[in-house]
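A.B. asks: Generate coordinates for the entire structure from the input sequences, incorporating the hints supplied.
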Amino acid sequence: AQKVTQAQTEISVVEKEDVTLDCVYETRDTTYYLFWYKQPPSGELVFLIRRNSFDEQNEISGRYSWNFQKSTSSFNFTITASQVVDSAVYFCALTEGGGSQGNLIFGKGTKLSVKP
Amino acid sequence: NAGVTQTPKFRVLKTGQSMTLLCAQDMNHEYMYWYRQDPGMGLRLIHYSVGEGTTAKGEVPDGYNVSRLKKQNFLLGLESAAPSQTSVYFCASSPGTAQFFGPGTRLTVL
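Chain order of the listed sequences is A and B. Each residue of the first sequence is one higher than the one before, counting from 1048 in our numbering. Each residue of the second sequence is one higher than the one before, counting from 1386 in our numbering.
Since the hints were made in silico from the structure, they are not lab data. It cannot be assumed that every hint is accurate.
SDA-like cross-link-like pairs, simulated, lysine to any residue; straight-line CA separation at most 25 Å [unchecked claim]:
| hint | chain 1 | residue 1 | chain 2 | residue 2 |
| --- | --- | --- | --- | --- |
| 1 | A | LYS1155 | B | SER1469 |
| 2 | A | LYS1050 | B | VAL1445 |
| 3 | A | LYS1085 | B | ASP1411 |
| 4 | B | LYS1394 | A | GLU1091 |
| 5 | B | LYS1394 | A | VAL1136 |
| 6 | A | LYS1085 | B | GLY1427 |
| 7 | A | LYS1085 | B | GLN1402 |
| 8 | A | LYS1155 | B | LYS1399 |
| 9 | A | LYS1162 | A | TYR1111 |
| 10 | A | LYS1155 | B | ASN1386 |
| 11 | A | LYS1155 | B | ASP1411 |
| 12 | A | LYS1085 | B | GLU1444 |
| 13 | B | LYS1442 | B | GLU1415 |
| 14 | A | LYS1085 | B | LYS1394 |
| 15 | B | LYS1442 | A | GLU1091 |
| 16 | A | LYS1085 | B | LEU1407 |
| 17 | A | LYS1085 | B | GLY1481 |
| 18 | A | LYS1158 | B | ARG1429 |
| 19 | A | LYS1155 | B | ASP1447 |
| 20 | A | LYS1085 | B | VAL1473 |
| 21 | A | LYS1050 | B | VAL1473 |
| 22 | A | LYS1158 | B | GLN1470 |
| 23 | A | LYS1085 | B | GLY1443 |
| 24 | A | LYS1117 | B | THR1482 |
| 25 | A | LYS1162 | A | GLU1143 |
| 26 | A | LYS1155 | B | PRO1468 |
| 27 | A | LYS1085 | B | ALA1409 |
| 28 | A | LYS1155 | B | PRO1488 |
| 29 | A | LYS1155 | B | ALA1483 |
| 30 | B | LYS1394 | A | ASN1150 |
| 31 | A | LYS1155 | B | VAL1445 |
| 32 | A | LYS1158 | B | ALA1483 |
| 33 | B | LYS1394 | A | GLY1090 |
| 34 | B | LYS1394 | A | PRO1088 |
| 35 | A | LYS1050 | B | THR1482 |
| 36 | B | LYS1442 | A | GLU1143 |
| 37 | A | LYS1085 | B | THR1390 |
| 38 | A | LYS1117 | B | GLY1481 |
| 39 | A | LYS1050 | B | ASP1447 |
| 40 | A | LYS1158 | B | MET1426 |
C.D. replies: Here's what the structure looks like:
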């Protein structure tokens, strides 16, 4: 069965520090998709990135970067030079069933607090 | 382009009452989903739909029913609310790539 584990329940950093959020997944599918979502204190869920299982290239978007390693079943998320506005709960998710439209299996989230 | 909207934003029910949550999307997405979010549990899928007129059960479907009579709307019904259904409910839609979420409905069942 599919499973997503975010072992870090809460992380607290000081502004401008770099921080990495860990995500480990389990799946029997050979084709699958991984996602990261951000949930700020206002409560909405914001899509950050989608990655398919065939694309192991790391991705960078501004201060955000993602490291996908199939060998360790990990899809980690790094925020460089963190800012107070990055304070949120971050969820890693995995599609069920192989297609990108499949149901999402979410991790329990990591709450990131960035202090000024 | 409003994206995904949910009605209502907040609701308080008494045990045994019924209600319907409405999700609407204006992006012409085929796929729609209902999740619930509980503290420390992440999001769990209740029901989903792969197209107009079709619905299917997710991980935690008991106590809920859904309907997708129109492509743009996905309704979630609680026939007899229970305190265990106190949660934040999120609707999402997808064109087949990523899922895009509504703002959520906070439901309290007393």
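A.B. asks: Now look at each hint and say whether the structure bears it out.
C.D. replies: Hints, verified against the model:
no., hint, verdict
1, A:LYS1155 / B:SER1469, "holds, 19 Å"
2, A:LYS1050 / B:VAL1445, "holds, 16 Å"
3, A:LYS1085 / B:ASP1411, "holds, 22 Å"
4, B:LYS1394 / A:GLU1091, "holds, 12 Å"
5, B:LYS1394 / A:VAL1136, "holds, 20 Å"
6, A:LYS1085 / B:GLY1427, "holds, 12 Å"
7, A:LYS1085 / B:GLN1402, "violated, 33 Å"
8, A:LYS1155 / B:LYS1399, "violated, 29 Å"
9, A:LYS1162 / A:TYR1111, "holds, 18 Å"
10, A:LYS1155 / B:ASN1386, "violated, 31 Å"
11, A:LYS1155 / B:ASP1411, "violated, 29 Å"
12, A:LYS1085 / B:GLU1444, "holds, 22 Å"
13, B:LYS1442 / B:GLU1415, "holds, 17 Å"
14, A:LYS1085 / B:LYS1394, "holds, 20 Å"
15, B:LYS1442 / A:GLU1091, "holds, 24 Å"
16, A:LYS1085 / B:LEU1407, "holds, 23 Å"
17, A:LYS1085 / B:GLY1481, "holds, 20 Å"
18, A:LYS1158 / B:ARG1429, "holds, 18 Å"
19, A:LYS1155 / B:ASP1447, "holds, 21 Å"
20, A:LYS1085 / B:VAL1473, "holds, 16 Å"
21, A:LYS1050 / B:VAL1473, "holds, 22 Å"
22, A:LYS1158 / B:GLN1470, "holds, 24 Å"
23, A:LYS1085 / B:GLY1443, "holds, 22 Å"
24, A:LYS1117 / B:THR1482, "holds, 20 Å"
25, A:LYS1162 / A:GLU1143, "violated, 36 Å"
26, A:LYS1155 / B:PRO1468, "holds, 22 Å"
27, A:LYS1085 / B:ALA1409, "holds, 22 Å"
28, A:LYS1155 / B:PRO1488, "holds, 19 Å"
29, A:LYS1155 / B:ALA1483, "holds, 19 Å"
30, B:LYS1394 / A:ASN1150, "holds, 24 Å"
31, A:LYS1155 / B:VAL1445, "holds, 16 Å"
32, A:LYS1158 / B:ALA1483, "holds, 22 Å"
33, B:LYS1394 / A:GLY1090, "holds, 11 Å"
34, B:LYS1394 / A:PRO1088, "holds, 16 Å"
35, A:LYS1050 / B:THR1482, "holds, 20 Å"
36, B:LYS1442 / A:GLU1143, "holds, 13 Å"
37, A:LYS1085 / B:THR1390, "holds, 18 Å"
38, A:LYS1117 / B:GLY1481, "holds, 23 Å"
39, A:LYS1050 / B:ASP1447, "holds, 21 Å"
40, A:LYS1158 / B:MET1426, "holds, 13 Å"
The structure fails to meet hints 7, 8, 10, 11 and 25 from the earlier list, while all remaining hints are met.
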